[in-house]
Amino acid sequence: MRAMTLPLRKRKRLLRVAILTGAIAIFVFFFYSLIRFAALRLFAYDFSSHEIGVLLAAAALAVLLYKPFDYLTLLFFKDVVFRSSGKVDSALQNLARAARTILDRTELANLVVNTFGETLGVRVASILAFDRIKACYRVVSAFGIKTSDWQFLDLKETDPFVQLLKARRMPLEREAVVKSFSWQEANHLTHDFEKLHASLVIPMFYDEALVGSINLLPDGSSKRFTAVQMRFLVEFACEAAIAFRNAALYEELKHSNQELMKIQSELLYSAQHSAIAQLAVGVAHEIHNPLTIISGKAQVLLLKRDQIAYDGQVEEVLKTIVKQTKRAVDITRKLMMFSDSPKSTREWIDFEELVNDTIALLSYQVSLDQIQVVKRFIHPIPKWYGNVGELREAFLNLFLNAVQAIGTNGTIEVSVAYRELDQVMELKVSDSGVGIPENHLARVFQPFFTTREGATGLGLFLVQQIVRGYDGTIRTERRTKGATFVVELPAAPRKEQDRFGHRHGGEVRPDPSALIERS
Amino acid sequence: MKLLIVDDEVEICDFLKSFFEERDYQVITATSGEEALEWVEKAKPKVVLLDIKMPGMSGIEVLEAIKQKEPGTKVIMVTAIETRDKIEQCLRLGADNYITKPLSLEYLENDVREKIEGLSRPSRN
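Residue numbers (my numbering), protein chains in the order written: chain W, 34 to 552; chain L, 420 to 544.
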């Protein structure tokens with residue numbers, strides 16, 4: 034749409050040239066007719082044979098009379114210009130009014146630059162505004178320059194150009210400013226003006242703070258604004274400053290509101306989490322003692338099998354008692370893992386070594402079950418900071434889960450890779466087992482959920498808890514045969530980065546495991 | 420062959436007592452840390468089976484006190500709750516072993532016997 038409408042000034046110039054050309058043609062024809070008519074009537078002389086002479090005379094007369102006529106047209110045009118500047122006036126007033134109600138900074142900037150570009154006939158208009166997250170002044174919207182030219186344009190607060198705007202508090206005109214500096218400084222400033230494609234920069238101040246600036250490159254040969262226009266622009270900048278300040282405040286409010294909601298949900302989660310942990314410890318302690326007695330008494334009887342004569346069935350029962358009490362204890366022991374202070378002993382861990390060691394532990398069982406293990410380490414794998422015990426526990430559980438999913442005869446694929454891009458350690462365990470049915474997907478990480486007889490249903494829950502302790506995520510992926518578990522661990526925990534104010538806004542990764550759990 | 424069993428659960432004390440008495444140990448029981456320390460001074464048992472979580476004095480405090488008063492006494496920690504931190508703490512304080520419930524009686528008896536036999540051998544110091 035922008036390209037379709039000619040700037041107002043250009044249109045006016047074309048109109049004026051057209052009117053003047055038409056006027057000259059009419060003049061020439063008028064004088065030609067006058068001379069012929071006068072000669073015929075007064076001197077009864079027909080100029081038919083001297084057409085060209087008459088035409089020349091008419092043209093000469095037209096040239097003589099052109100000047101006063103031009104003056105008259107200029108007067109007429111001043112009227113038009115005056116009237117149209119009135120139109121610009123009201124357009125800017127409308128803009129200022131609209132700006133007061135817009136709370137989105139980008140939308141506001143777009144409106145301003147487009148109005149300047151289309152109504153005021155400015156060739157280039159852009160808005161520079163302070164970006165709190167990047168701590169610099171950035172171009173937020175521009176008219177008349179390619180998007181790629183301004184998208185990543187930013188000026189630090191220490192930039193001499195910004196400093197100058199702050200010091201002068203007045204519109205900076207390129208020619209005037211450059212002249213007032215030594216050539217070296219002027220060079221820098223010229224560069225800044227050029228980067229902004231502007232010859233006039235009007236600062237926007239709110240109280241003492243520089244909110245941003247309106248940068249303009251006027252159209253036409255003079256490339257200057259009149260004193261009246263300038264006064265109006267400065268006034269407009271004052272209004273715009275308030276609007277931009279409001280938009281910034283609104284954005285901050287929105288951002289901190291989001292932060293607050295995030296913290297609130299985390300708090301709720303950790304409260305629930307610690308409640309589970311406390312309960313687990315209590316239950317474990319209360320249950321372990323009676324289990325010790327049950328198992329102990331059964332063991333006593335088993336040890337006396339030489340002295341007391343009982344049939345084989347009783348011995349079988351006693352053995353079952355001992356075995357099953359042990360299983361019950363396994364459950365509470367796993368529950369208790371959550372109350373363990375996990376971040377107490379962290380060190381640099383070699384992931385490859387950890388995976389190899391853990392698989393070695395199970396190599397006997399794995400070979401018995403005719404399961405083939407394929408390991409893939411995509412180097413380089415940097416060392417990772419964490420607790421060895423926890424991580425081994427997590428990986429062991431994932432691996433055991435895969436073994437159990439297969440039963441006998443199958444393949445387990447384990448891969449470890451480090452993604453440089455987002456600094457994430459990725460661990461994948463895939464099995465060629467039975468897979469996870471759709472209706473179980475949402476529940477695999479729930480405590481006590483199991484489809485296998487004799488299993489505690491705590492393995493994957495434990496893995497999830499450990500992974501979460503490192504701000505990581507775990508998710509399942511379905512394969513044509515079997516399932517894949519993908520664990521992603523960030524190189525540095527997000528919470529710690531937040532504390533130092535980095536990595537804000539727009540970079541929060543979605544947590545698929547959270548979705549699974551809430552559903 | 421004197422053995423002190425410390426556990427706040429009377430049932431466990433009684434059950435372990437009968438188990439070891441059948442195997443010709445002289446067994447004393449205590450259901451609190453304070454009581455245990457009294458027995459350590461009075462009866463000078465060679466081995467103590469010590470529960471960690473007890474009301475009043477905890478097993479870890481008792482362990483510390485025993486190792487201070489009677490450094491020659493062997494202490495085997497017996498507990499329902501084990502965390503890496505706890506195990507490390509006990510071993511640092513001089514515990515001679517760490518066994519979790521439910522107990523494997525065979526293992527426990529072997530361990531106690533080893534400790535006592537180790538004591539009867541001439542010590543290096």
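If you're looking for bench data, these hints aren't it; they were derived computationally from the structure. Only a predicted model underlies this, so the values are computations on that prediction, with no experimental measurement involved. Be a bit skeptical, because a hint or two may be false.
Claimed, not checked - Keeping only pairs whose Cα atoms sit at most 27 Å apart, straight-line, the calculated BS3-like set for lysine-lysine is:
#, chain 1, residue 1, chain 2, residue 2
1, W, 352, L, 436
2, W, 330, L, 421
3, W, 359, L, 461
4, W, 359, L, 505
5, W, 228, W, 179
As the list claims (entries may be wrong) - Far from chain W by the CB rule (all over 10 Å, computed), these chain L residues:
#, residue
6, 460
7, 476
8, 479
9, 488
10, 521
11, 522
For every residue, glycine included, the Cβ atom is placed at its ideal position computed from N, Cα and C.
Hints, one by one, checked against the model:
1. 352/W - 436/L: holds (22 Å)
2. 330/W - 421/L: Between residue 330/W and residue 421/L the Cα gap is close to 22 Å, so the pair holds against 27 Å.
3. 359/W - 461/L: violated (37 Å)
4. 359/W - 505/L: With a Cα-Cα distance of about 21 Å, the restraint between residue 359/W and residue 505/L holds, given a limit of 27 Å.
5. 228/W - 179/W: Answer holds: residue 228/W to residue 179/W is near 12 Å, not above 27 Å.
6. 460: Check passes; 27 Å lies beyond 10 Å.
7. 476: holds (17 Å)
8. 479: Given a closest Cβ separation of 15 Å, the condition holds.
9. 488: Correct as stated: the minimum Cβ-Cβ distance to chain W is 28 Å, above 10 Å.
10. 521: For residue 521/L, whose nearest Cβ neighbour in chain W is about 4 Å away, the distance does not exceed 10 Å, so it is violated.
11. 522: violated (6 Å)
When the structure is compared with the earlier hints, violations turn up for hints 3, 10, 11 and for no others.
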